[in-house]
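**Q** Start from the sequences, fold in the hints, and give me the full structure.
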Amino acid sequence: MQHHDVFFQEIILHGITEFEPVLLPKFATNVECGNSTTGFASPADDYIETTLDLNEYHNIKKHACFLVEAVGDSMIDAGITEDDLLIVDTSLDYRENDIVICCLNGSYKAKMIQRRKGILCLISRNPLFDPIEIQEHDDLRVFGVVKGFSRNFRRD
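Numbering follows the UniProt record's numbering, in which position 67 of the sequence shown is assigned residue number 67; successive positions increment by one, without gaps.
Rather than coming from a laboratory, the hints here were simulated on the basis of the structure.
Everything hinted at is true.
List of simulated lysine to any residue pairs, SDA-like, C-alpha gap at most 20 Å:
(1) Lys-147 / Thr-90
(2) Lys-147 / Asp-89
(3) Lys-109 / Thr-90
**A** Shown next, in the form of structure tokens:
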């Protein structure tokens, strides 16, 4: 068993230690991120609407969630890029088209899981990568479902 396997198994069996809420102010103002317009800004919008706990927002269960760092570009069309932190929930059973963290024959992967013509497949979200059909002799272990991710635009 590899070191990572032991780590994941410990998380699954014993959970993750306590953590404090991360409360951030959430402003009432929306921001444009495309060609649409949000209209004219109102001076009344410039106030804090509420505080938001990111653990609550992502429905993070302290005894069932962990983070892993994304490497590579096979999930780019799902919005996942190099160095993103993936939020993984070990308490969820995966469903069709979920993105999962798994180990296939000793290689750790973040892939979308699907059945194609009755065959379980791991799907990259980048057309440069072929689907991986899971064969009977393959060793596939799914550790959890990716619920979301965090991206750091600046590291200073």
